[in-house]
Amino acid sequence: MDLTLSKDDVYRLTLQTEGWISGLHLAALSLKRSPNPLDLIRKFNGQQRDIASYLLEEVFLHQSEHVRTFLMKTSILKRMNSSLCEAVTGVAQSQETLEMLELQNLFIVPLDEQRDWYRYHHLFADFLQRYLQQKHLKEWMIAHENAARWFELHGL
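When you line the sequence shown up against our numbering, it's residues -5 to 150, in that order.
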């Protein structure tokens, strides 16, 4: 895309996008329009206009209501397991939902071989957290309260 980026800038973008090729492409488009590319690279996250639009229109809105609700509420978590997801969402069968998200390559990363713990891709989590907070503030607060109770109950 004819961008003049240092190796450090390319490395930083690769880390921030976790190698997600579409994320790198969207970052490059944003960089071409940016009056301050270095600042954009430093602050690059899932709330950037191009990334957020892509995730909303091409990913999030194509999910069922159940999956969208699950994604939003669990996005507040840095890492999650089925028990924690059930506490945050109030819905059983979270393990099945986590496994389905992984099978669909829906920006979820298993953190162990047993597939007990997961996390979302950082850009996707940023997008979901902001969407939940802006569009569903009450649910955002309830999700945090439910997570806090779970962590307290489990001594964390």
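Just so you know, not all the hints are guaranteed correct.
Unchecked claim - With a straight-line Cα cutoff of 30 Å, these simulated DSS-like cross-link-like pairs (lysine-lysine) come out:
{"hint": "1", "residue 1": "Lys37", "residue 2": "Lys72"}
{"hint": "2", "residue 1": "Lys1", "residue 2": "Lys26"}
{"hint": "3", "residue 1": "Lys37", "residue 2": "Lys132"}
{"hint": "4", "residue 1": "Lys72", "residue 2": "Lys132"}
{"hint": "5", "residue 1": "Lys72", "residue 2": "Lys1"}
{"hint": "6", "residue 1": "Lys72", "residue 2": "Lys129"}
To be verified - Computed Cβ-Cβ distance ranges for the label pairs, DEER-style:
{"hint": "7", "residue 1": "Asp(-4)", "residue 2": "Gly149", "range": "51 to 57 Å"}
{"hint": "8", "residue 1": "Met94", "residue 2": "Arg124", "range": "20 to 26 Å"}
{"hint": "9", "residue 1": "Pro104", "residue 2": "Lys132", "range": "29 to 35 Å"}
These are computed hints drawn from the structure, not numbers from a lab. Model, not experiment: these values are computed from the prediction. From the three backbone atoms N, C-alpha and C, an ideal C-beta is built for every residue, glycine too.
Taking the hints in turn, this is what the structure says about them:
| no. | hint | in the structure |
| --- | --- | --- |
| 1 | Lys37 with Lys72 | holds (19 Å) |
| 2 | Lys1 with Lys26 | holds (17 Å) |
| 3 | Lys37 with Lys132 | holds (27 Å) |
| 4 | Lys72 with Lys132 | holds (20 Å) |
| 5 | Lys72 with Lys1 | holds (29 Å) |
| 6 | Lys72 with Lys129 | holds (21 Å) |
| 7 | Asp(-4) with Gly149: 51 to 57 Å | holds (54 Å) |
| 8 | Met94 with Arg124: 20 to 26 Å | holds (24 Å) |
| 9 | Pro104 with Lys132: 29 to 35 Å | holds (31 Å) |
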